[in-house]
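Protein chains in written order, with numbering that gives the first Met the number 0: chain A, 0 to 458; chain B, 0 to 341.
I should point out that these hints are in silico values taken from the structure, not numbers from a laboratory.
There may be inaccurate statements among the hints.
Stated by the list, open to error - FRET-style restraints, in silico, Cβ to Cβ:
1) B:VAL170 to A:SER111: 28 to 36 Å
2) A:SER111 to B:VAL121: 41 to 49 Å
3) A:ARG108 to B:ALA57: 36 to 44 Å
4) A:LYS272 to B:LEU194: 21 to 29 Å
5) B:LEU74 to A:SER277: 47 to 55 Å
6) B:LEU67 to A:PRO250: 46 to 54 Å
Just so you know, these numbers come straight off a predicted model, no measurement behind them.
For glycine and all other residues, C-beta sits at the position ideal for the given N, C-alpha and C.
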Amino acid sequence: MSMIWKGKAMPYHQPARVRAARPVRLGKALGPAAATLVSTSLALTGLGAAGAPAFASGPVVIKLFSGSGTATLNQALANAFNKSQKGVKVVLMTVPDTDYNTALPRDLRTSSGPDVFAPSALVQEVADGEVLNLDGYARHYGWTKKFSPQALAPGRVSSKGVIGRGPLYEAGGQAGVVTGIFYNRALMAKLRLHVPKTISQFAAELATAKAHGVTPIICSNEDGLTGHLFDMLLGDYMGAKGIDNVIDNVPGSSLDTPDAVAAANLLGSWMSKGYFNSDANAIQQTQSYQEFGAGDGLFFISGSWIEFGGNFPKTFSYGMMPFPPVTVGGPYVGMESNDLAFSVAAKSAHKDQAAQFVNWLSTPAAARVVVKVGGGNAYGLARIVPPALAGSLQAQTENVYQLVQRDNGVLNWLQNQGPIVNSDFPPQLQLLMAGKTTGAAMIQKFQSDVVADRQATSS
Amino acid sequence: MLAVGAIGPPQPVRGIEKVNVVTTTSIGEKGAQRALLAADAATLGPGRRRSKRWRRYAGWLFALPALLFYGIFELHPIISAVNYSFYKWDGISAVKKWVGLSNYVAALTQPQQLSSLVHAFVFIIFFTVLPVTFGLIVASVMRTVKPGPYGTVTRTLVFLPQILPGAAAGVAWNWMYSKDGFVNTVLHWVGLGSLARGWVGSFTFALPAVGFVGTWLSTGLCSVLLMAGIGSINPSLYEAAKVDGAGIWHQFRQVTLPGLRQQIGVCVTITVIAALSSFDVVYLMTQGGPGYSTVVPGVEVYNLAFNDYQIGSACALAVVLAVIVIAVVAPLQRFFRGTDNG
Chain A
0 MSMIWKGKAM PYHQPARVRA ARPVRLGKAL GPAAATLVST SLALTGLGAA
50 GAPAFASGPV VIKLFSGSGT ATLNQALANA FNKSQKGVKV VLMTVPDTDY
100 NTALPRDLRT SSGPDVFAPS ALVQEVADGE VLNLDGYARH YGWTKKFSPQ
150 ALAPGRVSSK GVIGRGPLYE AGGQAGVVTG IFYNRALMAK LRLHVPKTIS
200 QFAAELATAK AHGVTPIICS NEDGLTGHLF DMLLGDYMGA KGIDNVIDNV
250 PGSSLDTPDA VAAANLLGSW MSKGYFNSDA NAIQQTQSYQ EFGAGDGLFF
300 ISGSWIEFGG NFPKTFSYGM MPFPPVTVGG PYVGMESNDL AFSVAAKSAH
350 KDQAAQFVNW LSTPAAARVV VKVGGGNAYG LARIVPPALA GSLQAQTENV
400 YQLVQRDNGV LNWLQNQGPI VNSDFPPQLQ LLMAGKTTGA AMIQKFQSDV
450 VADRQATSS
Chain B
0 MLAVGAIGPP QPVRGIEKVN VVTTTSIGEK GAQRALLAAD AATLGPGRRR
50 SKRWRRYAGW LFALPALLFY GIFELHPIIS AVNYSFYKWD GISAVKKWVG
100 LSNYVAALTQ PQQLSSLVHA FVFIIFFTVL PVTFGLIVAS VMRTVKPGPY
150 GTVTRTLVFL PQILPGAAAG VAWNWMYSKD GFVNTVLHWV GLGSLARGWV
200 GSFTFALPAV GFVGTWLSTG LCSVLLMAGI GSINPSLYEA AKVDGAGIWH
250 QFRQVTLPGL RQQIGVCVTI TVIAALSSFD VVYLMTQGGP GYSTVVPGVE
300 VYNLAFNDYQ IGSACALAVV LAVIVIAVVA PLQRFFRGTD NG
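Bound conformation, chain B alone:
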């Protein structure tokens, strides 16, 4: 909204004092804007009023290119996907057969599609819970480290996985998990050779093995975000806590955690979305196997659309996934924003 108001020919900022007055009555940003326009209009002559209106539309005009792109590349595909999800269609032929909700019924009842949704939620543990936990530990430890080369190197190393493409990480980890790979070599070194196996080929371990790559990828991002957040906590709070006799745990619990709420919120949101919509790592590492043990919605959607030529089913599952992502993320957002003032 502010951007719209800011665009246009330079105008005398006549309404500003009034706005200040209005905003302090805390009717919210939108209300303030409306008040600004009304106040402006009231103080201006008829000609000015027209120019004011023009200014309003001019703003939209400037936004038009972006809106156009948004419409073509975001809204249109979304609407198309929802539309396709009600049809049986191979993606190529001219004939589309209306099947109503049956694609949605399949997405929520077919064992393979349903299990993909379950796996996505398991991934939240690996993509979100573990990285945020590790990130908090790293950030808390790093806070006590004095600025210098050691801290810089550590920060860089921790963040490094984040800049790797998931596909590259998937291939590299596949090598590490292989029969003669690094993981099994280490197991042999420490005398646990009996546990060595082809990890991504195991029905029991493939999902955690793939999930752990997600942990490795996300931990860097979470650590850096949380380190930045922890730096902005007023050091005097820690001093005060220490004076009050708080140990490391209580400092963490009473000062660090509340101070990092917003950052944790960002971490959780980003990583939950990454977990639910994961594709690259899984596709590169297991393609959903062995059996169907690591099939996630992203892979299943890809398979349905591009291997099975069932565009309708693929779109239905994608829509279900999108709804789930929103349903999970929206309350999280509310939770982390709601406690913002507290």
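Bound conformation, chain A alone:
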């Protein structure tokens, strides 16, 4: 389903199975005639644009695949790169967000496809041989020294389709959006509520709002976006590692655990208690913005992408706080997308230059573009403070991003495990909202989807 989780189609950083670890092929970089001549030297020296061969007329053009929602950010990244680097020019290849997941695999199969792209289903695309093994570039550019193993883990895919192990297929920098709880400042003050320290405190605040006739949570569920809340509850109850193991297809990992069922049951109980807007199942994200922006509800559980693009009236004042942990002082969890993580197409004719761009994405200059243009945040740019209701939205968001990073609480969306579980997300959450399924039954359904997805990519 064409779910828009942020600007682009879902930030799949999911992977599944790799056919075989392939050596980095640096051959076709500069066209058939020059290929043989330069391939060896490029491979050895990693010549990028700065050292572009003299016989190349004009800059080498690198095509960057982009959804329309992230086109502004990607264009800004391309502009900053083009300004600072000579001999290589990054241009955008933009598709509508709703076509992102379907267009990308097809474009990758053609020689006129993109050179650099954010994978829509990394494991699948790696398995199909469409993604370039970046290990050689990682050594050349020193990514393995620059970043911690955890930071590079999401870009690794093993030959068995396990994420976090095996060759590197996706790299770049660390900056992006983060999920958490947005709140209506006026209502928060009126109801005299504070930043909840635990899930149960948060539940108490939902009850307080309900008792005062205020809709506790505004959400759209026709597109299954109660999933953001569900994903964070899973992160809280299963731990970030626990849920990510399932998403990353770590052998033996299962979603059907008491912790996951507890998370689903809690969400179901909030739904049955009427803590959501009554038309949640009938509306999509845009309409939910309208309702929250009109002051119809206390909380809005989503990600920091909502802060950009004029989704709310200018007069509407709202803040952001981290999703609370189960126990006081527990780790903060949240989903974070990485706007600076990209892969190189195996069919790219300019692999070296594409890798040069990916390397540039790991610089502070690129992170600053994300913070300035993309509404993202980057770790280490500001001092971490305890979450509070006071403070600007931007500072609060920055803080949430860093809290989650500090606590190793970065989650992936469960939907990113695979396409089948992704398809079932909206209908299952709609059934839960309507009380037509139970938390346990929903978890079982998702587990069977996870198994089906794993089979689909490993047979």
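Model the placement of chain B on the given structure of chain A, informed by the hints.
Okay, now just chain B, sitting in the frame of chain A:
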């Protein structure tokens, strides 16, 4: 067939009288054609006979471009789809796994895929039964309206939804069905505010709500077709019926309905196909939700193919849908054509 015969260098129409003779013996068009060729050949010399044969093949030559396109863009995809339906394939990888009929078994047993087929049949009520009924009413009423601006405006308004793309209609109706949308506003006006709800989010009402958009879209087409048909009924039949003392109902039953059989047949065929293969309105309005309550085969095929990467299952369901469409439409065609002479 006639087109084939008509193409080619101008020939003396020698066989025509013979053809007339032959056709009146009612051996059918094909027989007549064959007879024409045979008769022609008999009256022509050997050279002429060769040119006659050439003429026959020349016809095919002229048809070749069209046949080529038909083959590439119609037959090939159909055959490919049938072929894929026997495999487990993600649509991209080089590896296709033969799974025999299991995709078909899934299409006919998996609750989600099966319910999509059931929903398609429910849609026949909304896409066919209601629009044809409304179309008959509109056409019967319009027959009594004298020609003039009123009739023209009415016809235009009735037909208007038909020219809107289903996707646009879906979005517009989604707004009308929303919590603060037109439908709920009207309910509040008339004091039925307690019934107001997010219609497309309701497990009970989503399917009828989406189906009604189909009714709204199809009614225009049916009305215009039926209005045209009713205009071609000989007015003296109505006069005669009136003289015999037939009221409005009996005029409708005994004159209008039999006179419109062919047009009704066209309406039913087009709208049944639209109902069974519906996609745009549903996809835009609910994407099959809430839950799986409005999943139709078109949406399910799309999801299987482009979201779940299960090309084999998607093709199997598409083939099943195609067979169902043919199985439903063929008898309808026979029924409406068979009563043509009666």
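Hint-by-hint comparison with the structure:
Checked against the given bound of 28 to 36 Å, the beta carbons of VAL170 (chain B) and SER111 (chain A), roughly 33 Å apart, stay inside it. Under the hint 41 to 49 Å, the C-beta atoms of SER111 (chain A) and VAL121 (chain B), about 44 Å apart, fit the expected range. Distance hint for ARG108 (chain A) and ALA57 (chain B): a CB-CB separation of about 42 Å, consistent with the stated range 36 to 44 Å. Between LYS272 (chain A) and LEU194 (chain B), the C-beta spacing of about 24 Å keeps the proposed range 21 to 29 Å intact.
At roughly 51 Å, the beta carbons of LEU74 (chain B) and SER277 (chain A) sit within the given window of 47 to 55 Å. Between LEU67 (chain B) and PRO250 (chain A) the C-beta distance comes to about 52 Å, which sits within the given range of 46 to 54 Å.
Going down the numbered hints, you'll see the structure goes against none, and every one checks out.
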